[in-house]
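Guided by the hints, dock chain B onto chain A, whose structure is given.
As given, the protein sequences belong to chains A and B, one line each in that order.
Quick note: the first sequence uses the numbering used here, first residue 10, plus one each step.
Quick note: the second sequence uses the numbering used here, first residue 7, plus one each step.
Hints are computed from structural coordinates only; laboratory data are not their basis.
Source: prediction; values computed, not measured.
There may be inaccurate statements among the hints.
Stated by the list, open to error - Sample of chain A residues at the chain B side, in silico, Cβ under 7 angstroms:
(1) Trp-49
(2) Ile-52
(3) Ala-57
(4) Ile-60
(5) Val-64
(6) Phe-65
(7) Leu-68
(8) Val-74
(9) Val-197
(10) Tyr-214
(11) Met-219
(12) Val-223
For each residue, glycine too, the CB sits at the ideal point set by N, CA and C.
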Amino acid sequence: MSSSPTPGNASNSPTQASGPASPILQIALRDISVLFRTPWIIISRSLAFIIQLFVFAFLISELVVIPGRPSSYFFEYYAVGSVVGTIASISFIIGYDIFEEAEEGVLDYLLTLPVSRRQFIIGRALGGAIRAMIYIIPMFVIVAVLEHFNNPASLAAAVLDLFLLAFGVTGLSITVAVSVRSANRFDVVLALLELAVSRASTALYPIAFMPSYVAAVAPFSPVSFAADSTRSALTDVTLNFPSLLGLVAFVVIFLGLGSAFYFRKLEGGVYA
Amino acid sequence: MSNLRLVPLIVERDIRILFSDTFLIGIMFANFGIDLFVTAATFGRLIPQSVLHENYFLYIAPGSNFVTAMVAAFQSGRDVWREKYIKDLASYLLTLPAPRRVLALSRIAGGVARSVIATFPGTLVISYLYGILLDPRVFAAFLIVGLFSLGIVGLSISLSAFASSIEVFVTVRSAIQLYLSFLSTLFYRTDVFPSFLVPIVVSNPMTWAVEAFRSLPHAQGLIGPISVLVIPSLVFAALGMASYLWYARL
Numbered sequence: 010m011s012s013s014p015t016p017g018n019a020s021n022s023p024t025q026a027s028g029p030a031s032p033i034l035q036i037a038l039r040d041i042s043v044l045f046r047t048p049w050i051i052i053s054r055s056l057a058f059i060i061q062l063f064v065f066a067f068l069i070s071e072l073v074v075i076p077g078r079p080s081s082y083f084f085e086y087y088a089v090g091s092v093v094g095t096i097a098s099i100s101f102i103i104g105y106d107i108f109e110e111a112e113e114g115v116l117d118y119l120l121t122l123p124v125s126r127r128q129f130i131i132g133r134a135l136g137g138a139i140r141a142m143i144y145i146i147p148m149f150v151i152v153a154v155l156e157h158f159n160n161p162a163s164l165a166a167a168v169l170d171l172f173l174l175a176f177g178v179t180g181l182s183i184t185v186a187v188s189v190r191s192a193n194r195f196d197v198v199l200a201l202l203e204l205a206v207s208r209a210s211t212a213l214y215p216i217a218f219m220p221s222y223v224a225a226v227a228p229f230s231p232v233s234f235a236a237d238s239t240r241s242a243l244t245d246v247t248l249n250f251p252s253l254l255g256l257v258a259f260v261v262i263f264l265g266l267g268s269a270f271y272f273r274k275l276e277g278g279v280y281a
Numbered sequence: 007m008s009n010l011r012l013v014p015l016i017v018e019r020d021i022r023i024l025f026s027d028t029f030l031i032g033i034m035f036a037n038f039g040i041d042l043f044v045t046a047a048t049f050g051r052l053i054p055q056s057v058l059h060e061n062y063f064l065y066i067a068p069g070s071n072f073v074t075a076m077v078a079a080f081q082s083g084r085d086v087w088r089e090k091y092i093k094d095l096a097s098y099l100l101t102l103p104a105p106r107r108v109l110a111l112s113r114i115a116g117g118v119a120r121s122v123i124a125t126f127p128g129t130l131v132i133s134y135l136y137g138i139l140l141d142p143r144v145f146a147a148f149l150i151v152g153l154f155s156l157g158i159v160g161l162s163i164s165l166s167a168f169a170s171s172i173e174v175f176v177t178v179r180s181a182i183q184l185y186l187s188f189l190s191t192l193f194y195r196t197d198v199f200p201s202f203l204v205p206i207v208v209s210n211p212m213t214w215a216v217e218a219f220r221s222l223p224h225a226q227g228l229i230g231p232i233s234v235l236v237i238p239s240l241v242f243a244a245l246g247m248a249s250y251l252w253y254a255r256l
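This is chain A alone, in the form it adopts within the complex (with noise of 0.2 angstroms):
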């Protein structure tokens, strides 16, 4: 899944970067082509998706009541969340992979390349963020018709929320995928973080709803900061700057420590 060659030394010629923007770019779309050549990720994803959105929420929305809503307002609600939620469980993705690569000897071929540590790392958030990107544009757009959101404006301020919250979960992933060791155990721990950044959060139910202890603790999930900032943008075209923030800190905070942490992977402790 991960052995897959940098654009670059696909075509057998060498790769020599030719400005600094170049090898994160490169390193960048090589995480791109690997996703796209793993369908079933695609697959799997989409199909839950799929059932979450016009299975799950249109059935459960029949039974929710909101005082002074109307009967549909739960689907409109949770079909915002659940764009939120599967581009927050995409952009796990790129921990597995880096796992994989890890335990299959791919990443002493990937440190071998023309590409300084840093760059390496900067381009594997940035690919990792870009194809959660990617994988989600059909599913918001589904969204976007079915709620008539056109608002040229109000999109482009939820593309970029979720584009921060990817980049963020990205972060995230890649200092736990490099923390863990056990395979069994990476691969739970993963699932409970995606399943906690998600259910405790305002994604998929109002907050006034939540027990207490939910509540308490649900305001500060970074799929709260997405889904509240997207749901301004799209629902009452303004910004939500606290959740912006929010989210701007969480990016800052798990990018940095995922760094980190990869760097002293690769290096035994020495930043480079």
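Then chain B, alone, in the frame of chain A:
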């Protein structure tokens, strides 16, 4: 008969594998906790009692435990897959002095034991919520979880026999989990579904399992709620055993 004495040894090996990383069991319980005390509790507040004529939190609570059982049962299939393709242990296991049928039977029994252990605290929590914790019906609760796990372990071992890559295994597992979770009465009653989905829902093993569990507080005997799960679980287990034997041809 002497061959059957090997069954507990092989089951014990599978259980030891589960306990080799107790952290994993803790994480599975954490997953169950999130499902029950976050998702189910919130939906319980979103869906008032007047809509379903019953407490929605209690309605979906058994589902959280069956989802954990399903995850644990699929973990057994994943281990079988890893033994063959990653750890290269399959040939070693086949050199053990256990006939292949006994080995296959034991692996399935081991998977069920692991699943029942992983869901043990969850089954107790749900039994408490259903008011049957200090009642003989609590044994029926464990039996239902065990029978459900038997079917899913059978399915997951079949999957591990035919999946050539981990991506195929994970994708098919996800599809089965989606079917079991969302196209069953785990979240909503049959009458909520459009009519064309009803046959799929009523033939879903998750439907039988959750309905059996929900009927426990009102059940007069223990046989009634359990009986519906016996035949399908045995069929899936037989499928798993046949697949394991096919897989063991190397």
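Taking the hints in turn, this is what the structure says about them:
1. At its closest, the beta carbon of A:Trp-49 sits 4 angstroms from a beta carbon of chain B; the interface hint therefore holds under the 7 angstroms criterion.
2. With its C-beta approaching chain B no nearer than about 6 angstroms, A:Ile-52 sits inside the 7 angstroms limit, and its interface hint holds.
3. At about 6 angstroms, the closest approach between the beta carbon of A:Ala-57 and any beta carbon in chain B falls short of 7 angstroms, and the interface hint on this residue holds.
4. A cut of 7 angstroms between beta carbons decides the hint on A:Ile-60: the least distance to chain B is about 5 angstroms, and the hint holds.
5. At its closest, the beta carbon of A:Val-64 sits 5 angstroms from a beta carbon of chain B; the interface hint therefore holds under the 7 angstroms criterion.
6. The beta carbon of A:Phe-65 comes within 5 angstroms of a beta carbon in chain B, closer than 7 angstroms, and the hint placing it at the interface holds.
7. Satisfaction of the interface hint for A:Leu-68 is found here, the shortest Cβ-Cβ separation to chain B being roughly 5 angstroms, below the 7 angstroms cut-off.
8. Among the interface hints, the one on A:Val-74 holds; its C-beta lies about 5 angstroms from the nearest C-beta in chain B, closer than the 7 angstroms criterion.
9. Checking A:Val-197 against chain B: minimum C-beta separation of about 5 angstroms stays under 7 angstroms; hint holds.
10. Taken as an interface hint, A:Tyr-214 checks out: its beta carbon lies about 5 angstroms from the nearest beta carbon of chain B, inside 7 angstroms.
11. Taken as an interface hint, A:Met-219 checks out: its beta carbon lies about 5 angstroms from the nearest beta carbon of chain B, inside 7 angstroms.
12. Interface hint status for A:Val-223: upheld, as the beta-carbon distance to the closest one in chain B is roughly 5 angstroms, under 7 angstroms.
Hint check: no violations occur; every hint is consistent with the structure.
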